[in-house]
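**Student:** Chains as they are written, first to last, in this note's numbering: chain A, -17 to 463; chain B, 174 to 492.
Since the hints were made in silico from the structure, they are not lab data. Please note: incorrect hints may appear among the correct ones.
[As the list claims (entries may be wrong)] Computed, partial: chain B to chain A, Cβ under 7 Å:
1. Thr277
2. Pro412
3. Asp413
[Said to hold, decoys possible] Estimated spans, in silico, between C-beta atoms of each pair:
4. B:Glu227 to A:Thr279: 34 to 44 Å
5. B:Met328 to A:Pro64: 30 to 40 Å
6. B:Pro230 to A:Leu191: 36 to 46 Å
7. A:Ser331 to B:Asp434: 53 to 63 Å
8. A:Ser331 to B:Asp253: 24 to 34 Å
9. B:Asp434 to A:Thr279: 47 to 57 Å
10. A:Ile411 to B:Ala299: 45 to 55 Å
11. B:Met328 to A:Leu107: 29 to 39 Å
12. A:Gly410 to B:Met294: 46 to 56 Å
13. A:Gly443 to B:Asp253: 45 to 55 Å
14. A:Thr204 to B:Arg442: 35 to 45 Å
C-beta: ideal position from N, C-alpha, C; glycine also.
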Amino acid sequence: MQKFDEMYETLPMEGSPVREHYRTYAKWLSRQSAESMQARREEAEVIFRRVGITFAVYGAKDEDGAGAERLIPFDLIPRVIPAHEWRRMEQGLVQRVTALNRFLHDVYHDQEILKAGVIPAEQVLKNAQFRPEMMGVDVPNQLYSHISGIDIVRAPNARGEGEYYVLEDNLRVPSGVSYMLEDRKMMMRLFPELFSMHRVAPVAHYPDLLLETLRASSPATTAEPTVVVLTPGMHNSAYFEHAFLAQQMGVELVEGQDLFVKDDFVYMRTTRGPKRVDVIYRRVDDDFLDPQVFRPTSTLGCAGLMRAYRAGHVAICNAVGTGVADDKSIYPYVPKMIEFYLGEKPILSNVPTWMCREPDDLKYVLANLKELVVKEVHGAGGYGMLVGPAATAAEIEAFRQALLADPARYIAQPTLSLSSCPTFVDSGIAPRHIDLRPFVLSGKDVQMVPGGLTRVALKEGSLVVNSSQGGGTKDTWILEV
Amino acid sequence: MLSRTADHLYWMNRYTERAENTARMLNVNYETSLLPQSADVAQLGWQGVLSISELLPSYQALYGDITAQGVLEFMVKDEDNPSSIVSCLKAARENARAVRGTLTTEVWETQNQTWLELGRMLKSGAFERDPGQFFEWVKFRSHLSRGVTVGTMLMDEALHFMRLGTFLERADNTARLVDVKFHAVERDFYGTVNGKDQEYDFYHWSAILRSVSAFEIYRKVYRDVIRPERVAELLILRPDMPRSLHASLNEVVANLQLVSDDACSDTLRHAGRLRADLQFGRIDEILATGLHAFLTQFLDRVNTLGSRIGREFLLPAVN
């Protein structure tokens, strides 16, 4: 299988020419001693620990006894993307997210796309992520997914050229943006000279764009909408990010217990009495938002929130019910959505996908399990999936049985040869597979900071980049060559 | 500001202050125990440490006899003892983590660093090797935390609630210290003519002074030998002695005024009255009615004040 590396023209790395946008960096890297790079790695770890850039692990204790807080491994070698490639990707992202928002408005109103037969109606209406509670609810600017994390990989296409593919849309509560920002800060701290040698597009204004997006989503006519970030609390694995974003935007970080609803308006309890809340950037899943409507035992949300929401008195970002658009069973239809709503050809490609609910597709998948990646439609975080080429005969057999039992629960994709990027590992510098998650903001306009979060699978040969499964992160440079 | 945020800020500082005062008390007792003295006196000292925090029964249940090693272990490293230094610093850091977005980066990193270093020190045996240096470290981290707070935080509600926590805790801790140490002297309050006892008195009273960094201050203020009634006056009534009850209450009232919208708030009135008793009180009157009774009542009133602050600002009733 053909392999793409971001830095080298060919693999293995030894003796290969370096790709143009990496040349300055490669020359610089060749002059660094192994000791000095190791020292900077250690320095980075000390700083991350002190700053408390950690994610929580339930029920675990680390070796310092410091409790269940882990660092996400940070790799020193940046992932570099030439500016012209990024510009194209950015256009594709704007197009895709615009269509996804149009789709969400449509399925919760007139359902034109279902009437036109572009997507089978039962695929949407019987989807567990479809929220009947949202039918006919008007949300400000008809926007549902204000913050979208679109996972992109690079792999060879049919012509053998490297091409960007969308692997997955994340429209519920996509996380990781704080690592994008902290990774850049760390790189500038450790290697200031690199930034004078390269023209790297800045990302530090993300919290500004986010605040602008959230304020633009306010339903109230007030000139100064009150925005809050709603977190499940400090034991949530992404708590650092919630606190970080609230602080960077200068807004309150609230928990469900800080909010209450009175006369269909949302208030927070402050030291000077109740204060109206206009926009909630929630980092809590739909199921936990309002015990009166969703899971009744939830203490993470606020009773009556949906009532206030439906009355148009508060904005919830992202909107309730966005999961119906990022579900893996809906993903194969996104290119058709783009054509249906925008009348345009998709700029970014989907990974070819077999829907096991279709008898023909299922037949093909069952015959080719060894070559395919099979995913559970509702799975997330790299769980519930089969990577054919890496699986044992027994694992494949188990999946075959599961597929036969409930084919609609699965989709399958070819095993993409994800691009790799040189990465520091215990044995030195070696290629490791990466992906990219840009964060697309939809408010008055659809905008984003250049780049996104690059995740890297640190295990040799592994394609799974999730932090819960041994993934790390890299700084991402959009570079004017 | 969110009530919950204010609550975390307030408790973050209370726990930091409590850890500092525990370290001060343990340090002085540890140093005193190095002086030539009878085993009874030494044991009385360690018992005093436990009495101050009302921990004598729970200590005895876990450790049995009172020994220096047992008390140090219990008051420093025991995570099951909510008043141990490790428990206080953990609680301070957990409260800080809950509101890290409200703190300046420097304040948060100071708290976090304290917690990380504490783990390393306890693991490496640094505490057992040199308890004195460990206690100095705890004090130093508390100084740093206070300094970085005043030096970097916006002077708004967040800072006022933090300061409120610091000084309410300090008033409570100093009052307990004075109460226990004066109670420990079972003889006539004004000392004796016996030379040996006089020598004991000197070490007893100077230890109290040193535990609140007041030994030099005492000399400077009174220019006299150490007399118990003056020690009491210094620690209770002097407004210029930074760890006295009066000075602590001045800060409590000042910060309460800053967070209170209502000039006739009940909480503020309560704090003002408590402060007035210190401002216009006299040490001979207090001693005449009984120091222990005075301090017991003071601690009750500080406790009530704490609950009022909680009810009015930190955990307001639903809707």
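**Student:** Could you run down the list of hints and mark each one as holding or not?
**Tutor:** The hints, checked one at a time:
no., hint, in the structure
1, Thr277, "violated, 9 Å"
2, Pro412, "violated, 28 Å"
3, Asp413, "violated, 31 Å"
4, B:Glu227 to A:Thr279: 34 to 44 Å, "holds, 38 Å"
5, B:Met328 to A:Pro64: 30 to 40 Å, "violated, 48 Å"
6, B:Pro230 to A:Leu191: 36 to 46 Å, "violated, 58 Å"
7, A:Ser331 to B:Asp434: 53 to 63 Å, "holds, 59 Å"
8, A:Ser331 to B:Asp253: 24 to 34 Å, "violated, 59 Å"
9, B:Asp434 to A:Thr279: 47 to 57 Å, "violated, 37 Å"
10, A:Ile411 to B:Ala299: 45 to 55 Å, "violated, 38 Å"
11, B:Met328 to A:Leu107: 29 to 39 Å, "violated, 56 Å"
12, A:Gly410 to B:Met294: 46 to 56 Å, "violated, 35 Å"
13, A:Gly443 to B:Asp253: 45 to 55 Å, "holds, 46 Å"
14, A:Thr204 to B:Arg442: 35 to 45 Å, "holds, 36 Å"
Taken one by one, the earlier hints fail for this structure at numbers 1, 2, 3, 5, 6, 8, 9, 10, 11, 12, listed in ascending order.
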